[in-house]
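Participant: Each chain, written out:
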Amino acid sequence: MKKTLAQMEDRESSTRIDDAAALWVARMEARPLSPEEESELDTWLAADIRRQGAFARAWAASIHMAKAQALGRDFFTDPDQN
Amino acid sequence: MARVGSERALWLAQQILPHEPCLRAWLARRRVVELEIDDIVQEAYARLASMDNVEGVRNPRAYLLQTAHSIICTHLRRAQVVSIRAVDDTELSRFECQDASPESTVCDRDELRRIGDIVAGFPKQVAAVFILRRIEGLSQRDTAKRLNLSESSVEKNMAKGIRLFMDTIALSGISSSGASNRCDEKDIGADGRPRKQYPD
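Sequence lines, in order, name chains A and B. Heads up: the first sequence runs through residues 1 to 82, numbered per this note's numbering. Heads up: the second sequence runs through residues 1 to 200, numbered per this note's numbering.
Source of the hints: derived by calculation from the structure; they are not laboratory data. Computed from a prediction, not measured in an experiment: that's the story for all the values here. Since no wrong hints were added, every one of them can be taken at face value.
Covered stretches of chain A, as calculated for chain B (at least 3 residues, CB under 8 Å):
id : stretch
1  : 18-29
2  : 36-45
3  : 51-65
4  : 68-75
Backbone N, C-alpha and C define an ideal beta-carbon position, used for all residues, glycine too.
Can you build the whole structure from these sequences, using the hints too?
Facilitator: Rendered as structure tokens:
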């Protein structure tokens, strides 16, 4: 049976990478990262080129999503009503 | 390795993200299995993120496909897989995508509505956090107070929103024409006709 490249090289799944990339972008956009976090992010990115891509893609996705601000509050139902 | 900067992230959002469904459709036709497609997409973004400058990129979609093609070749050489046929340049240039034209990559009202619909489909708490943070412009701290959550939970919900949005991009794209901005699949499509770019 044909194995994927990821399996052949026993690599971290792209899904897990996307999860981590989204978290880093959310953090970075919410507040300045601490020096420890900065270095942790750099170490994380340096270990796999796919992480660099996932991080860039997650950031781009977040930038695109943020355009929704132009829609205004009325577009959405009240998030406070649970 | 330099971390991608905000300017390049913006370029990726405007020029590359709209073409991702096209890239994935093209990769699928190359009979690259699903997991590899995600790997290749990530690596393609990495290459585009690390380019010295992107001023010379006249056709972002074609450049994206070429980048992916180059990644596949590199991996195949490394893995010493020999069964994949070569791709020539004419195949790259013939591959037609019915995706956003350059002018329509500017976010128009319909595209905003598409983002809004995607967000509205998020799990309730994820949507609530996103709306307070991005629509109402509250800080993470104020969002946390308003929803009675920890700041860390707000962060995780924002991450979840980004993550879900990434999956949506992969599955159906982000343009206002929705799923129809996939590539022209007339060669393999059941009806033999190119897909329409816009709904009636």
